[in-house]
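Asks: Chain by chain, the residues:
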Amino acid sequence: MGYSALKILREGLTGNKGWEPVWREPDPKPEYDIVIIGAGGHGLATAYYLAKEFGLRNIAVLEKGWLGSGNIGRNTTIIRSNYMLPGNEPFYEMSLKLWEGLEQDFNYNAMVSQRSVLNLFHSDGQRDAFVRRANAMKLAGADAELADTDQLRAELPFLDFDNARFPIKGGLYQRRGGTVRHDAVAWGYARGADARGVDIIQNCEVTGFDIRDGRCHGVETTRGPIRAGKIAVCVAGSSGRVMAKAGMRLPIESHVLQAFVTEGLKPVIPGVITFGAGHFYVSQSDKGGLVFGGDIDGYNSYAQRGNLPVVEDVAEGGMAIMPMIGRARLLRSWGGIMDMSMDGSPFIDRTPVEGLYFNGGWCYGGFKATPASGFCYAHLLARDEPHPVATQMRLDRFARGNLIDEKGMGNQPNLH
Amino acid sequence: MIIEHPLLGPRDAAEFVYLGDAALIDRPDWQAPDAAERFHAYGYLRDNPAGRHQELWYHEQGDRSWLVVTRDTVTHEISRVELARDVARARGRSR
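Residue numbers (my numbering), protein chains in the order written: chain X, 414 to 829; chain D, 1265 to 1359.
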């Protein structure tokens, strides 16, 4: 069933009785070619691209809860490709290009809105760093634009340009960045994968791996054992727990990141704005709420809720660049579990166990990566070689000394 | 979170800097034949458990002591706080 304006009109005139569930709820079969663990954004995107681009259909996606119940519905919905290092930037630019064509590709309204991402800078040194980043972005085919304070004063008059501690000296725009309706991304990929024969099996927790002679033959689940030629783990914050069942320790710590939304306001913030001297990013949802967040809490956590010191820190960041935010009342805050890797960059790789693959370590940057992560993981699973833009996202890069240390902070997960 | 400091009593966790798993106390022997592998595991790999977790907290805004805090990563409940020095000595370290 495809969606179109005509269909919406016809359903509107006939009482909306013709809509059907957009995915099936099948029972697991005893065997699949590929089993993907985790029906979040990345797992569903992987299944979708495996079916659509690589012609593989005998696939199951296993999910402990309901599909899209994790970080795909908890993030602050920002898409961008303003990275710098060669191991990262081409990958994120590929992701942004996939976002641009996504709704037509999977025929689902994900409300992709390229309303721009602006990174503010507050000193001469930071300006130099952002110019360098902008040049790196352009070399990878992305767009970047430096804005001075005159331009920003005209476009965003509410910013606190003359803040005594962190005066705003300009900003780095990525006009093609923006926001996306995050739940719709999971639903769109799920619908597209299901329509191509992928079994999405919810309420099915993986309890163990069937590993014999160095090869993974399948998984044990709460709905019985499932054999598979290839098993693809894609569980973000639960990576440590799941891979421990396969006897592996990862270069990952799980941390909690909080996000916030205010009451609905009239349109005040045109795009995404980030603070350069602290950690704060804000955009306005189409319903009018200011959606914002900041740093992770900074200690290992699986709790999906954080503590008050970070709430205060985020609010201070907001007040430093736009004092008007102090007048908005907070409606909700929540937490998600981030798979913080040791260098702040992700993994899409084989594991030492044959037939077992791993995708994770997205830190708090996983949402924007969803399409490219799915595409590159599908490429790895289908062809057993990494996609050209994901060749450095290897699990053994620490042993080899090839870190992708985007922020130059070393192996300290709570600093990324 | 409130950390029950063994010397100073209850302190706000915001006074502390978090380092990570208390296994970092056990630095590998740099002269061991497999020192490279051991240091890779020490520096980069983590157990990352959901549940009871022993971890290092540094009281930067206080007496600058290192603490070993036993905390549940699912509930954030802190069940035990010790001076890291005492933990290291109990494991046979000189200091």
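Worth flagging that the hints you see were computed from the coordinates, not collected in a lab. Backbone N, C-alpha and C define an ideal beta-carbon position, used for all residues, glycine too. One should not assume that every hint holds.
Label pairs and their computed distance ranges (CB to CB) [claimed, not checked]:
(1) R1328(D) - P680(X): 28 to 36 Å
(2) G478(X) - T1339(D): 18 to 26 Å
(3) P1297(D) - D561(X): 57 to 65 Å
(4) R1328(D) - D541(X): 32 to 40 Å
(5) D699(X) - E1268(D): 42 to 50 Å
(6) D561(X) - D1327(D): 53 to 61 Å
(7) P680(X) - F1303(D): 40 to 48 Å
(8) R1328(D) - N471(X): 38 to 46 Å
(9) R1359(D) - D809(X): 49 to 57 Å
Chain D stretches covered by chain X per the calculated footprint, using a threshold of three residues with CB under 8 Å from any CB of chain X [unchecked claim]:
(10) 1287-1293
(11) 1324-1332
Asks: Are any of the numbered hints broken by this structure? If so, which, sorted upward?
Replies: Hint check: 1, 6, 7, 8, 9, 10 and 11 fail, others pass.
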